[in-house]
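Peer 1: Listed below, chain by chain, are the residues.
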Amino acid sequence: SNPFEVKVNRQKFNILGRKTKNDVGLPGVSRSKAIKKVRAHKKERTNVFKDKRFGEYNTKISPEEKMIRRFTLERQQNYGKKNIYNLNEDEELTHYGQSLAEIEKLNDIVDSDSDTEERGTLSAELTSAHFGGGGGLLRKKASSGQQDEEEEKPKSRKELIEEMIAKSKQEKQERQTRRESALELTEKLDNDWKEIQTLIARKTPKSERKEKEAEKPKPDEYDMIVRELGFEMKAKPSERMKTEEELAKEEQARLQKLEADRLRRMRGTDEQANKKPSHVSADDLADGFVLDTDDRRLLSYKDGKINIENEEEEEKEGEEEEEDDEEEGEKEDNENEEESEEESANEDEEDVAADSHSDLESDLESEEEAAGNKEQKKHKTNENESQNVEELDPKMEAAKSELPYTFAGKRRIDPCCLQGNMYSEKKANNFNILCFLQKLVGFLLEYIGELATLDLPELRTIDKLVLFMYMKLFRLLIKDFKLCYDSAQFPLQSVFSVGFDSMNALRELDENGIKKCYSKLIQKFQINTLQECRITTLQDVIKGLFICCLFLEYVSLSRRFVPELINFLLGVLHISLPKKQAQGYTVVHPFTPVGKNLELLLVCDKKDLESWQKQNLPLSIVTRLKETSRTEMNHIRLSCLALCFDLIKKCAALYESLPSFHEIMHPVRIVLTQHMPVNEYPEKMQEWYHFALKELENKVKHYAPLICEKKKPVPLKQYTPRIVKVLEFGKKLTGSKKEQERKQLIQKHKRELKGAIREIRKDNQFLARMQLSEIMERDSARKRKVKELLGSLATQEGEWKAMKRKKGKN
Amino acid sequence: QLPTGLYKKVLIILHDSILPYMNEPTLMIDFLTVAYGIGGAISLLALNGLFILIHQHNLEYPDFYKKLYSLLDPSIYHVKYRARFFHLTDLFLSSSHLPAYLVAAFIKRLSRLALTAPPEALLMVIPFICNLFRRHPACKVLVHRPNGPEDMSEDPYVMEEEEPSKSRALESSLWEIQSLQNHYHPDVAKAAAILNQSLPEMEDDISGLLELTAYELFDKEVKKKAVDVPLEFEQVRGLFGKKNDIFAEHFALD
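Chains as they are written, first to last, in this note's numbering: chain A, 245 to 1054; chain B, 221 to 474.
Reference excerpt, derived from the structure (chain B facing chain A, CB under 7 Å, subset only):
| hint | residue |
| --- | --- |
| 1 | L335 |
| 2 | H364 |
| 3 | P366 |
| 4 | D375 |
| 5 | S393 |
| 6 | Y404 |
Below, simulated DSS-like cross-link-like pairs (lysine-lysine); rule was C-alpha separation at most 25 Å, straight line:
| hint | chain 1 | residue 1 | chain 2 | residue 2 |
| --- | --- | --- | --- | --- |
| 7 | B | K386 | B | K286 |
| 8 | A | K956 | B | K410 |
| 9 | A | K961 | A | K981 |
| 10 | A | K281 | A | K251 |
| 11 | B | K300 | B | K287 |
| 12 | B | K360 | A | K956 |
Think of the hints as simulated: they come from the structure by calculation, not from any bench.
Small disclaimer: the values here were computed from a predicted structure and weren't measured.
Built from N, CA and C at the ideal position, the CB exists for glycine as well.
If we strip away everything but chain A, and leave its shape as in the complex, we get (with noise of 0.2 Å):
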């Protein structure tokens, strides 16, 4: 209608058959109308804020309960199908909206007191001289009202930025003093700390570490709070508790697992050479270190910190024989003085140790110190070696949790015995008793060789002593028997006893732990022995008998054919006869089938043959053979004479599968069918005598002819295809690898060497050129100077032509 309001949509062509719908638009009307729209639409409308927050005005219920509420609600929320799967994504914590791990983050900047942090911010003044901009007029403004009459004259901007810069540097150095008397402080502290710690370790070592504790800033009490909820213990449902037939299984699972492995071992060695022998099990045994000390319940402490212990050792087996002289050294002097302490000492185990021990014992104790240790010891002499042992004994047998310690000097031939005292098992956390122990082992070895070859072995104390050892100073003792054996290679008598009374006590060092390889060695030294040495007397042919007895146990598992072991205990058999001259088997070297040393095992008295008992044999009368009567020397022979044939039973049941078995006890079962008194012995003895023999005989018969291992057939030799690479086509690469690198080499560098010709070709084009526009340019300015200058001339010339003429006009 009105004509203003109207919008006509023109239209350029006008195009047939189509109906204009949109030629005349009212755009006022139109808004007019939808602002009246909305309007009605928003009149019913009444827009209200809903808290839906769980239960915000509700007042019974207390706020914790509302959190917690509110919380399961939210988690409830979250927890939707697709989290399901997602296990390790924990959800952000919050403190008052800001992430807890942001928090953290920025706490650990401001808390740092480094130089490079402050570097970071600015100060004030700094800002402002640099971005006040025309530094003076702003500050005179800026500081008018507060700054004193002096400083009302306006230093210039240079003036200004020295003042910043002197004052900063000021400050720096400033603050490097305060820290370097801090650290000075700090020192002189733990200095002072560790003077008096000395002092105090022995007796109160719980109070020092309070104090320890106490020296330290004390932390945050909200931090504590934190870190023990962090690091509470959440109760978790225990494995079952096994009973002993489960326990019973694993264990011979273990075993038999470990048997395996060992049978591999052995016949790896056997049947491939090539393959080599170093398997070690899966379990974590091949460490000797750990295996030796699984077994001691003495180092049953020591959970999950192995690895220390193994550089700790390595480091130790350095110092040990520092510390060994060290120690003898001090031994020297103060045996005096010890000597009246003992007894003493033996009472009060809390008594500090004299002062002349005071070196030793800090050295100990600064080791110790690191881990707050509780050990405590004392050392003492003893002159008298036997009186030691006494000692020792009811001591062993009062206090087990106590573990008398005890060395011989090293190479002293009347051996002072230092001996110490640790109760620490349960308390010790920390390696330095296990470094100490190890030292404690060389002196310990020593002892029981010196036990050994005592007159009176005291084999007991031994037994006792041998629970704690282990083999990491194994070698050494090789090395000793390698040196006695060169020493007393001649008289091979000598080399039988000293190597049986060391042998007896490595007995059971022996079976403990020991690597193949020692104890091949001792094997050797034992085949020498009982093939070489000369049978005298009783004493020996019951060393013998030990010896076979330790031969048999090392090959009980690997069934290794030892003919000395048969051919001892043929011997033995042999000078169990009474003399005779028909035969039918021959002993071999140690034996001799005449000679005076025969009938040593011959028994005729009838009353002694049948008062016989089975008795076990003391190790004893090894060394020391008492001044018994006929009697019982007879019942001792008859009782190696039961050895043997229990011997002989065990390595009949060993070697059966041997396929010369026969042969191999042929001699045997001679002496025992043809030329044994058989009924004479007591009944006892026929038994033992008929075990061997049944043992003996009903092996079966079997001998299946050799037949070599086939050969691997020799595979033909084939032309198969060479392949080669082809890298650039058209070219064919022929020669080694080597030859063609060269070739491609050379190749690369010719394809280099055009290029940078072509460079330079064209480096040098465009010089020229560059110079031809120069020389060009210069040529058109000479010519463009030369053309003005013309024109000039020409303009002179015209002008005062001009001249000219007008003068002659006039």
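With chain A's structure known, arrange chain B on it following the hints.
Peer 2: This is chain B only, laid out in the frame that chain A set:
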């Protein structure tokens, strides 16, 4: 005629200090023959002189090999003159004209006796036997008899027979060496295991092994480096504390 000690001394130096300087070494024939017949160590020593006479002076010695065969008894591996004896035996048996039965008898007897021998002797005698096999391939039936009877109840070889031809060695097999493959000394076991395979052509040089002593073996063992291998896994229970301990059965600690 002579005391034993003197006999031995004379025989030891006979071959290099007496025989070369005699105008007529053949005069020693009777002496050596008697010595050879005595047996034991003296026979072993007489061998050397006899060998020179046979070799350089055309001595015809009847039943020489039979005598040599009968010299083999368990003590040869233990006596001092082991190296000398085996050196000579090696010489005597190096002839390729010897009948197979004889060599087989020697092989069988040596290996039978090896069952009581010390390891150093074994380390020597096993290559020795290998060499015999190489020289006399006809004897290889002792280690390789593919079409033989399946199972024998008795070793056909007769140990007590003096005559090598009647010892039926060729019908037997070298079970002794097979047993030695289980020897406790690993080197011996390894050496014995060689006979399982077919032998390489080259002969082993045993001259270095002849003088091997137990001491050398021990020395070698000491120098060896070994890899640490856990062996024992049973807990310690004192000296005699183990289960089924032989020691606990027969010995007491006092």
